[in-house]
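K.L.:
Next come the chains, spelled out residue by residue.
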Amino acid sequence: MIVFIIRRSLQSGVVLLLMSVLVFVGVYAIGNPVDILISPEATPQEYEEAIIAMGLDKPMWSQYLTFLNGALHGDLGNSFVFNEPALKLILQRLPATLELAFGALFIAIVLGIPLGLIAGIKSESWVGRSIMSGSILGFSVPTFWVGLMMIMVFAVMLGWLPASGRGQTTDLFGIPVSFFSLDGLSHILLPAVNLGLFKLSLTIRLTRAGTRENLQLDYVKFARAKGLTNGRVIGVHVLKNILIPVVTVLGLELGSLIAFAVVTETIFAWPGMGKLLIDSIGVLDRPIIVAYLLITVTMFIVINFVVDVLYSVLDPRVRLGEEKI
Amino acid sequence: MSDKEQLLVIENLRTHFFTKIGVVKAVDDISFSVNKGEVLGLVGESGSGKSVTGFSMLGLVDPPGRITGGKILFNGQDIVSLSDDGLRALRGKNIAMIFQDPMMTLNPVLRIDTQMIEAITAHEKVARRIARERSRDALSLVGIASPDERLKAYPHQLSGGMRQRVSIAIALLNKPDLIIADEPTTALDVTIQSQILYEIKKLCRETGTALIWITHDLTVVAGLADHICVMYAGRIVEQGKISDVLDHPLHPYTRGLIGSVPSRNKRGSALYQIPGMTPSLLNLPEGCAFRQRCPRADNDCLVCPEITSEIEGRHLRCFHPHVEILHE
Amino acid sequence: MTTSAEDVTIQPEKVTIPTVESPFRRFVSDFSESKMALLGLAVFLCIVFAAVFAPYISPQDPYDLAQLDIMEGRLEPGTKSFVGYTHWLGTDDQGRDMLSGIFYGLRTSLAVGSMSALLALLLGGTMGLIAAYFGGKIDTIIMRIVDIQLSFPSILIALILLAILGQGVDKIIIALLAAQWAYYARTIRSTAMVERQKEYIEAATCLAMSHRRIVFRELLPNCLPPLIVVGTVQVAHAIALEATLSFLGIGLPITEPSLGLLISNGFEYMLSGKYWISFFPGVALVITIVSINLVGDQLRDVLNPRLQK
Chain G
1 MIVFIIRRSL QSGVVLLLMS VLVFVGVYAI GNPVDILISP EATPQEYEEA
51 IIAMGLDKPM WSQYLTFLNG ALHGDLGNSF VFNEPALKLI LQRLPATLEL
101 AFGALFIAIV LGIPLGLIAG IKSESWVGRS IMSGSILGFS VPTFWVGLMM
151 IMVFAVMLGW LPASGRGQTT DLFGIPVSFF SLDGLSHILL PAVNLGLFKL
201 SLTIRLTRAG TRENLQLDYV KFARAKGLTN GRVIGVHVLK NILIPVVTVL
251 GLELGSLIAF AVVTETIFAW PGMGKLLIDS IGVLDRPIIV AYLLITVTMF
301 IVINFVVDVL YSVLDPRVRL GEEKI
Chain C
1 MSDKEQLLVI ENLRTHFFTK IGVVKAVDDI SFSVNKGEVL GLVGESGSGK
51 SVTGFSMLGL VDPPGRITGG KILFNGQDIV SLSDDGLRAL RGKNIAMIFQ
101 DPMMTLNPVL RIDTQMIEAI TAHEKVARRI ARERSRDALS LVGIASPDER
151 LKAYPHQLSG GMRQRVSIAI ALLNKPDLII ADEPTTALDV TIQSQILYEI
201 KKLCRETGTA LIWITHDLTV VAGLADHICV MYAGRIVEQG KISDVLDHPL
251 HPYTRGLIGS VPSRNKRGSA LYQIPGMTPS LLNLPEGCAF RQRCPRADND
301 CLVCPEITSE IEGRHLRCFH PHVEILHE
Chain A
1 MTTSAEDVTI QPEKVTIPTV ESPFRRFVSD FSESKMALLG LAVFLCIVFA
51 AVFAPYISPQ DPYDLAQLDI MEGRLEPGTK SFVGYTHWLG TDDQGRDMLS
101 GIFYGLRTSL AVGSMSALLA LLLGGTMGLI AAYFGGKIDT IIMRIVDIQL
151 SFPSILIALI LLAILGQGVD KIIIALLAAQ WAYYARTIRS TAMVERQKEY
201 IEAATCLAMS HRRIVFRELL PNCLPPLIVV GTVQVAHAIA LEATLSFLGI
251 GLPITEPSLG LLISNGFEYM LSGKYWISFF PGVALVITIV SINLVGDQLR
301 DVLNPRLQK
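Chains as they are written, first to last, in my numbering: chain G, 1 to 325; chain C, 1 to 328; chain A, 1 to 309.
The set of hints was computed from the structure by calculation and includes no laboratory data.
Owing to the predicted nature of the structure, the values given are computational and were not obtained by experimental measurement.
Among these hints, one or two may not hold up.
[Stated by the list, open to error] With a cut-off of at most 25 angstroms between alpha-carbon atoms, the simulated DMTMM-like pairs for lysine to aspartate or glutamate come out as follows:
1) 20/C with 30/A
2) 25/C with 124/G
3) 122/G with 62/C
4) 221/G with 5/C
5) 221/G with 113/C
6) 122/G with 85/C
7) 20/C with 297/A
8) 175/C with 45/C
9) 122/G with 301/A
10) 93/C with 218/G
11) 58/G with 113/C
12) 240/G with 5/C
13) 240/G with 45/C
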């Protein structure tokens, strides 16, 4: 187990290093670094000074090391627009994005697993078929358009829910969250559903496939032969077998939720880091872009790592396999 | 055979599967009975409907299959007409089942104790601690060493033979009247096979549990069963006392089956083979299903033979049985 | 044992001799089994037709400023224009006929989507084949890159690239290509690994054919079916991704309006109830994606060797 964790962390470190090279090469080599890092309003003299101050006259590898050193100390430059450290700005927006992503994941799991179970058990009936058709549609329809339609229906036509913003937040351990007030909840509902819709379809598909596969297996029949109630056979025996792959996949999808939050945040004007990214791309605020990319990539690597470890904890078979190594 | 002793009586049972390409008559008009404490061998090739017969007795036939006719009287009560909940109460409590493949029957992600305790608590309200003790006792009964440790194990940590012992222990937990064993030794090593066989036989004798042993292997049944039913293509073609049937097989199919057991042939001589293939249950030939492979078949066989009683306690479905061997 | 087999009328087993048909005809008949897939194909062909012949079937040229009249902006669907024809799907803020805009938008979306999918297929397919054929270190390096890339969602890869590169048709194609090639590489590698073991490759090696010839003339044709399936699904995926990026304003420039841009244009008017500017391009986008997916699903069923009888 420990060997596994060490090996996995080394691997993650290498990926992170590679991504930092990519971002560095992208921003510093392909684009003109002076344009990127010096405010366009600078005078020619300031320009020259800045080049020397930032060490842009030095060779590439030395520049990269400087960049890496800065990054490791949390210094990714100041935002042109806000004139504050880019990293700080991103981290300020992080809780809102995480809240949205977890809300979406929650919706996907809480609705997706029961729906998938029903669709798997009654796969031939109209109930199962309509759940499946719904999930196929959920896969095909682009998230951003669904978001627009949700605003049109629930905010404009029916007027039930607000179309944008985060609403009232409450501090929990110093982090603002929205799900403690009705206003906050009403604000997060539409974006979370919108972001979760794709994952909901995925959960339904995975759960349904798992249910159908497991129901065929002998252990289900044996459990029934023991005289267990249907509820226990499905709710304990089948569900526990399905949960492992579903949770693994959904855990890995948390990262993609954070990436896709860019779209949802833009539509619903949700003040997360995704919206900040799109705004920054619009005004060429490149330090923010770099900070966003590095933070997101780091989160991705951490999530993948945690899910891998969790998976081996959840599945007794994997756990044993690792002990042998 | 007095009625008092009869534990299970099956009358004209039919279990059909309604698939998209046609009706599969997996079990078609079979009748037999099992007395208390008796062992019945249900023998047939794969696809002859013997497993479906077993599942019918527990009400565990999966759709698109269902029981379309007949009665299954268990202690005088018809199982076929029981409600889902009535069936559930019966399963595992009065009738238990052991499956073929021990690798597949235990849930891979639940610990052994969970899977044993739930089998008890599904039927009676007992404290977990007591259920656990009973599970441990059942494990030692089937010859598992250090049962306390095994209870905490996951199935994949046990060997195949060990897992099958666990399944047997689970079947014994509620002291059932009848155990249906569906080829429980087929997936095991030969040495383990005989151990398990011995174990089940001993336990059934000690507890007075009746046993239905489903198998394709005549040699297994020979040393175990009191009675035997030979199934072919969904029907019982011959049934009777084990010694009668094995020593004097009357149905040509039984004869062929016995003839193809290696140990019964002389060394060096070619093994007997029943000609042809098992017919698909989807389109069985008219009349006797064995007709196309039978050396004795004639135009009489174009009609399905009814059950004919040749000798006391012995039933046949054949127009041309080998009666001559009885007079040899 | 007495035999009376002579009396038995033994019925010969019915054997249906398969009628000889060309693989293509068989493919067509298998494909036609699903009504939904045929419908999807028909709809998709209509969409392609509308996109290709957009200049001829559109009521107006939406990008000829001379034809636009700001006075006709944001007309409701079904309103008659001053010139005489009806704006069946309304007009946008510039007075542009939405139907014409959608036809031209489809043109851009389909072109970008299929172009990037094709390029990704070429790049990914080549990399996958090389990895499978040569194996060893080359395989390990290529597949490591593929694995790492696939652990990031395609939208993140596209975002990174577009943030670095900026806007433009060429740039979004590069971004989509980079986001998708790994899928093709993984698909073709797994197929090719199986195919490589077969005798015909061995035979070709014994004939001392060049690597290039073996890979492209022998191995590739046998790996095509799964590649076609993935390709179909990826075209739909590319179109959706492009629309999303354009909607965010980091994809295509305003001068090349795709469906995503049209939807984005209508966003600000949606809150005032002028739904059609966003709604109809979105419907066109959804129909396009769903029809491609329907065809893709059936292709997967037909071309999957495991499911073939």
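K.L.:
Compare the structure with each hint and give your call.
P.N.:
Status of the hints after comparison with the structure:
1. Between residue 20/C and residue 30/A the alpha-carbon distance is near 19 angstroms, which keeps this suggested pair within the 25 angstroms criterion.
2. With a C-alpha separation of about 22 angstroms, the suggested pair residue 25/C and residue 124/G falls inside the 25 angstroms cut-off, and the hint holds.
3. The straight-line distance between the Cα atoms of residue 122/G and residue 62/C is roughly 13 angstroms, inside the 25 angstroms bound, and the hint therefore holds.
4. The straight-line distance between the Cα atoms of residue 221/G and residue 5/C is roughly 30 angstroms, outside the 25 angstroms bound, and the hint therefore fails.
5. With a C-alpha separation of about 18 angstroms, the suggested pairing of residue 221/G with residue 113/C holds against the 25 angstroms cut-off.
6. Restraint check for residue 122/G and residue 85/C: the C-alpha separation of about 20 angstroms stays at or below 25 angstroms, so the hint holds.
7. At roughly 22 angstroms between alpha-carbon atoms, residue 20/C and residue 297/A fall within 25 angstroms of each other, so this suggested pair holds.
8. This hinted pair does not check out: residue 175/C and residue 45/C have alpha carbons roughly 30 angstroms apart, beyond 25 angstroms.
9. The suggested pairing of residue 122/G with residue 301/A holds, with an alpha-carbon distance near 22 angstroms, which does not exceed 25 angstroms.
10. Restraint check for residue 93/C and residue 218/G: satisfied, since their Cα atoms lie roughly 19 angstroms apart, inside the 25 angstroms limit.
11. At most 25 angstroms may separate the alpha-carbon atoms for a hinted pair to count; residue 58/G and residue 113/C exceed this at roughly 68 angstroms.
12. A hinted pair counts as satisfied when its Cα atoms are at most 25 angstroms apart, and residue 240/G with residue 5/C does not qualify at roughly 43 angstroms.
13. Distance hint between residue 240/G and residue 45/C is unfulfilled; the C-alpha atoms sit about 36 angstroms from each other, more than 25 angstroms.
Consistency with the previously given hints fails for numbers 4, 8, 11, 12, 13, ordered from lowest to highest.
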